[in-house]
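For the record, the sequence lines run as chains A and B. Numbering-wise, the first sequence is residues 1 to 780 according to our numbering. Numbering-wise, the second sequence is residues 1 to 780 according to our numbering.
Simulated from the structure, these hints should not be mistaken for lab results. Each hint should be verified, as a subset may be incorrect.
[Said to hold, decoys possible] DSBU-like mimics (lysine-lysine), calculated; alpha carbons at most 30 Å apart, straight line:
1) B/K209 / A/K51
2) B/K73 / A/K66
3) A/K722 / A/K661
4) A/K708 / A/K679
5) A/K208 / A/K51
6) A/K679 / B/K402
7) A/K213 / B/K51
There are 2 protein chains.
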Amino acid sequence: MKTSSLFTNHEWCIIENQFNPENHQIAESVFSIGNGHMGQRANFEESYSGKTLAGNYIGGVFYPDKTRVGWWKNGYPDYFAKVLNAPSWTHIHIRAQGEMCDLARSKVLSFKRTLNMQHGTLHRICTIELANKIQLTLESTRFVSIVDTEIGAIQYKITAVNSDVPLEINSFITSDVRNEDANYNETFWETVTQKQKDTLSILVDKTKKTPYKAPVFTVATGMKNIFYAPNNTDIQTKYTSNEKNICEHAQIVLKKGTTVVIEKLATQVSSLHYAENELLKIAEERLQNAAHKTFSNLHAEHIHAWKKKWELSDIQIEGDIAAQQGIRFSIFQLQQTYTGADSRLNIGPKGFTGEKYGGATYWDTEAFCLPFYLATSPEQVSKNLLLYRYNQLPQAIENAKKLGFTNGAALYPMVTMTGEECHNEWEITFEEIHRNGAIAYAIYNYVNYTDDKAYLIEYGLEVLIAINRFWAQRVSFSQIKKKYVILGVTGPNEYENNINNNWYTNYIARWCINYTLEIISWIKRVAAEQYAQLIQKITFNENLEIIRWTDIAKNIYLPTDNQYGLILQQEGYLDKEQKTVDELPSAERPINQHWSWDRILRSCYIKQADVVQGLYMFEHDFDIETIRRNFDFYEARCVHESSLSPCIHSVVASKLQNIDKAYELYLRTSRLDLDDYNKEAHEGLHITSMSGSWLAIVQGFAGMRVEKGKLIFNPILPKQWKSYSFFILFRNALIKVSVHSKYVHIRIKNVSQLFIHVYSKEYDVRENEELTVAYQENVQ
Amino acid sequence: MKTSSLFTNHEWCIIENQFNPENHQIAESVFSIGNGHMGQRANFEESYSGKTLAGNYIGGVFYPDKTRVGWWKNGYPDYFAKVLNAPSWTHIHIRAQGEMCDLARSKVLSFKRTLNMQHGTLHRICTIELANKIQLTLESTRFVSIVDTEIGAIQYKITAVNSDVPLEINSFITSDVRNEDANYNETFWETVTQKQKDTLSILVDKTKKTPYKAPVFTVATGMKNIFYAPNNTDIQTKYTSNEKNICEHAQIVLKKGTTVVIEKLATQVSSLHYAENELLKIAEERLQNAAHKTFSNLHAEHIHAWKKKWELSDIQIEGDIAAQQGIRFSIFQLQQTYTGADSRLNIGPKGFTGEKYGGATYWDTEAFCLPFYLATSPEQVSKNLLLYRYNQLPQAIENAKKLGFTNGAALYPMVTMTGEECHNEWEITFEEIHRNGAIAYAIYNYVNYTDDKAYLIEYGLEVLIAINRFWAQRVSFSQIKKKYVILGVTGPNEYENNINNNWYTNYIARWCINYTLEIISWIKRVAAEQYAQLIQKITFNENLEIIRWTDIAKNIYLPTDNQYGLILQQEGYLDKEQKTVDELPSAERPINQHWSWDRILRSCYIKQADVVQGLYMFEHDFDIETIRRNFDFYEARCVHESSLSPCIHSVVASKLQNIDKAYELYLRTSRLDLDDYNKEAHEGLHITSMSGSWLAIVQGFAGMRVEKGKLIFNPILPKQWKSYSFFILFRNALIKVSVHSKYVHIRIKNVSQLFIHVYSKEYDVRENEELTVAYQENVQ
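Can you make the complete structure from the sequences, with help from the hints?
Take a look at the structure:
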């Protein structure tokens, strides 16, 4: 096992072998656990007076805070949705002979923290010496169940090492929590009620009322502790409480060499799922059920469920343990952030690991994460991601209305919790409209992958039409160019603002129109009645609107440069001083930390895949030489200062058989947080970009595509690896693909037969018969 | 006298004849008084529980508040400079038989408020009936002296109308004040000390410490009250105080029909001018001197000084009392905002009338206000405006450095108090770089008008070189165009952001270079030694830098359209959907209140003079047909949603003999606040744009220019006016110009002879001999 600067490399675990207070906040992020419904940073159970970022989050529960902005501009959203630090339940504070256990004030004699990704469990064992010379060994095992998602559990062991120790143990739940991100350093929770009865303790808290049209959330947080004293002696406990806490308090004299164990079961349920007045009762029931199951059964079920998840989604890499750990860490984080159980939830850019960015939903979901869930989770998981947007269509229409659009045009928000826009930089919110295209493209992607055409009829077309209506109003006609133009946008490359004719935006707008026209003509054939109902519901003026759309699609301006044979990122891009990334002094990188914003804007440097994003999504529209020419040009200018960028370039580099470049770009994605490349892991993890690691392997190295219902692979193998293999769920089949230096092996399960293309040749693959194809290089 | 909706028209006064609480905040703005050093909104002396915006300001005293901004961008200034509500001294609270006098809770039987602009005095008389049926007549006369600028004074009379009245009078000073504009609703003042001795009361307060590299201000506020009881009876007073107030308290039984008079003398002195530890003593001295002079002498001196100001700057309009009142209001406000006594002060966009906009100095000063002060005030006044920028050159160089510029390049801030940038919208602060050009142009303007060429040698060239160094780095070379381009700017039209090649910006950059080269070659001839010292001081690499500048000036790209013979506001402007203002539904105007920002940005509508600003400043570079063609095109697209816009279009319209358009645009400027066109006068007045009223008359209707040292007039007379006349200070001469329908009359004073051009013909004008020229129409 080689060791990176921060954590030990291990194929299934993240391991920290010594306590380093300087890295503690990074570790709190990296060791976070979650289950789609809730999750936490790896804050210690004991009191900790060192630097820490307290974080315990419940999916979908947010606070609509006052928008901070310089001067107000018309159309700004009222509020900024804050990922809200929820009441917390992980605290077990200990005093030994009156001295508070606190790693920041103790001598740490040994320390090991382990995130077992196979089991979804956080484990820590450490021996410390307090100021009063008492030595204790503390061991904690923590998880949030992916079976009973409203349940979290801790097994906490305290062992007296060097003497008999009079211990006070305080296990509590509290709503006395703060957000690091608060405009006025204010608190966001108010106590509704609390209950302590028998061994159950429950706090019910509510987010403060705001002047905004946004929900107020109520959350019930409950705990039940079970104390196991050495030799089965009894421990008498008592409860204390104040407005914001309930604490169970135990006192025991722990003999030298013996161990007391606390099993703490906790629940968090919210008004997102239940009536407010039932939360107390439901929390009680959840705790009783959990207690009935016991900690060890909950733990076993949880591990088993993770095993099932890994059977569908694991990627194995031979010969590169850092890469192995990186890809499993990516998959693990994605799986614990979003499980697809609830179409009201989505994939926050920081998941359950931090507050930054606010809001839960960005175009990251559709453009980067969807392919991962499509291929690694049951269909319903991806469908719920799409339904999330379908259900928010009214708000997207409202959002467009706010900006002056009519006739049911929809502009999906750039950042949202409930469908309302809740970010406030005009150049992003108002102008980064290509996101609408990604939402349409996700429908195509989903249907293409799953063949669930019924989705189009029931949901998809309505969204597509609303998006097309937006494009139809957002374009304008240039009398000079005699073309439709899209002025004043920000493309995926956010190092350009308010530009005209961003090629990617114009291209995806045209694609939306053409795809929608194709779907309309198909639905009219196969589901005429439902189509008729829809056009009535949305008063679709089929003739007029389709004529206009067709005209726009035919005559939209797509900037290119004939001299260099380039697609132009936007009109005028070549007027910029042309420099390449290798001309940048390393002291000036990342440029967003060293250059002023205006300098970034007028430079030719690119934050993230923009033209290349379009080449990735619409690769079939371009010959390989066009892709190569443009990739080479833009890759040389791309600083990849978005976590979402290198993965896309990596996939395209793989397509171009530029395996070294593809590998280099893959590395930038897959261990971004584990190695803290960007010095920001302490704020939380880059969850959505973790899908990029997966894309770079499966779509990149393995060249997986789905075309006309057929699975296609064009595998290449980075020379740093001995082999890699992965699982793919495709419709009813579970497929395992292994790529070695000489052969590609494919196995299928759950279906008896599947036709699969490898290196452009079709194979008839049968269940339980491994297909072996000779590895080929330089196949495009 | 006709009456506008708000105030009575009067040639010298603003009069409000009845109390309307709904308009009280507007009146508080309009009736503001100031003296360059300090000033206030017309807040009542008595307690007032209705809607009011408390405002008392000291020039140059600000608070560096935390910058509010969405997501931080590199290069943002640390703080936003708030115009700070200073401790106040105008309060005289009265209880009559225990009942608080408060116009919001009284029956107002009569009310008259008068701003006498000739005398610079605010007067109010009203009779009210309190809830307890006691009727009082209150009369206040208030001014802030333009002779002793650290002194303010109130004469306050209370008359018992319908009964004998037991009165309590509380005259106080207080630092318990708040800014309406506070991020966190916090206070900004802390008490340092206070002193009450004999009849003098003084508070010393200090602005709170901030983490920013910006000054902390200390202010001493003092008062001395003199009570005059009826029949010369004595009034015994006592003093009370708390941490933030000192109050002088009097009790008297006022017989029916008699009057008590309070003369309140006040002072405010600040650490901007004196050592902090001397402020208390200085405040005492100021008060003693003022008391020695007495209220009535202070008042008489003040009125006399205003008379002198008017002798240099008055404009008379016959036949249009609303216009007469409008232009005098504009001149009055400009004169009381900036007197030129102190080169550390400047002309805040709201002067002493409100908090909005923060900061004191915008390009408004150079581009709009300077010509007014040049022509109506002694030379030193304008020189101090220029020295303000000269003295802040180090900060402008620092500001440019922050944005990545080197070699002593200067970017003057968009908004500032001390020379540091303190606004935070990137599209304005980082990109609205044309302001640098206005600062250079002001040097040209000043020297052209005054012939003070020594200024160039001593100060001007150093600023010009630093500005040129900025342009030389800010341009880049387009390989496509084979021209220098300026990318990523915001022009004067702030309804475009981050555009490329704004014609005005590129043009003024070129002008700066050419002007500087001309000045360098002149200074080398006439002041070789001083030149040598300067180039050493700033390590000016004459050869290399001048070669580059010359190349840039020769090869800078200026966007034009040959098809329509247009100057293009920016590259790509004609790609926008071309609409004219008359196609805008009135319900959608102003568009900045009805359209979202992105819609404004991509529309062709123009906020304020941009190409036309360039045509105004560089009119000699263009033939009249080019000016006409471009004016007609851009005027049709300009919504004039900046108060600084219509005046410039008006001047150009006058030049084009388009007198009706010129008059229409003049009206939009001159009564903007008096008639509250934009529904924002309650926040304060548009001080800097008031110079536009003056420009529209003197440069517009009268066609005044100074060319090669000669004064030129090309007068036209709006048909709505019988005549107009104005005074101009030109070098040593005081000139009076009168324009009637048949004749133009010119008189000169202080010099025996002056050659003046009228309608392109030169006249030899002698002191005390009136020149009369026949009025001509259609002369260009």
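Status of the hints after comparison with the structure:
no.	hint	verdict
1	B/K209 / A/K51	27 Å, holds
2	B/K73 / A/K66	20 Å, holds
3	A/K722 / A/K661	18 Å, holds
4	A/K708 / A/K679	43 Å, violated
5	A/K208 / A/K51	27 Å, holds
6	A/K679 / B/K402	23 Å, holds
7	A/K213 / B/K51	28 Å, holds
Of the hints listed earlier, the one the structure fails to meet is number 4.
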